[in-house]
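> Sequence:
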Amino acid sequence: MTEVLVEWNPNYQDHSNPEYHQLRNKVCKQLLQILRNVVPLSQDDGKCEDVTYTPNNEEANADSILLLM
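The sequence shown begins at 1 in our numbering and counts up one residue at a time.
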């Protein structure tokens, strides 16, 4: 498992924003690589869609998110 601290950006909550897409693609690529080592490949090779990000600590208006993989 890998921990990555990412500076929070409200654009990560907007699924139409390029910054959201960039982070989603990076996270999904890493996640699918990890899963392929554990789960046998399927016909579609897996999918990573509709990723949702929230601040690490919303109550404190955190300025980062923690990605655990």
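Rather than coming from a laboratory, the hints here were simulated on the basis of the structure.
Check the hints yourself; a few may be wrong.
To be verified - Distance condition first, Cα-Cα at most 25 Å in a straight line; then the derived DMTMM-like pairs of lysine to aspartate or glutamate:
| no. | residue 1 | residue 2 |
| --- | --- | --- |
| 1 | Lys26 | Glu49 |
| 2 | Lys29 | Glu19 |
| 3 | Lys29 | Asp50 |
| 4 | Lys29 | Asp14 |
| 5 | Lys29 | Asp45 |
| 6 | Lys29 | Glu3 |
| 7 | Lys26 | Asp50 |
| 8 | Lys26 | Glu7 |
> What's the verdict on Lys29 and Asp14, does the C-alpha distance respect the 25 Å limit or exceed it?
holds (20 Å)
> Run the distance test for Lys26 versus Asp50: straight-line Cα separation, threshold 25 Å.
holds (14 Å)
> Would you mind confirming whether the straight-line C-alpha gap from Lys29 to Glu3 stays at or under 25 Å?
holds (15 Å)
> Between Lys26 and Glu7, does the CA-CA distance stay at or below 25 Å?
holds (15 Å)
> Does Glu19 lie within 25 Å of Lys29 when you go C-alpha to C-alpha?
Holds: Lys29 and Glu19 sit about 16 Å apart, inside 25 Å.
> Is Lys29 within 25 Å of Asp45, Cα to Cα?
Satisfied, since the Cα-Cα distance of roughly 12 Å is no more than 25 Å.
> Against the 25 Å threshold, does the CA-CA distance of Lys26 and Glu49 hold or violate the hint?
OK: Lys26 and Glu49 at ~12 Å, within 25 Å.
> With the threshold set at 25 Å, check whether the alpha-carbon distance from Lys29 to Asp50 stays at or below it.
Holds, because 14 Å separates the two Cα atoms, which is no more than 25 Å.
In summary, this structure violates none of the numbered hints.
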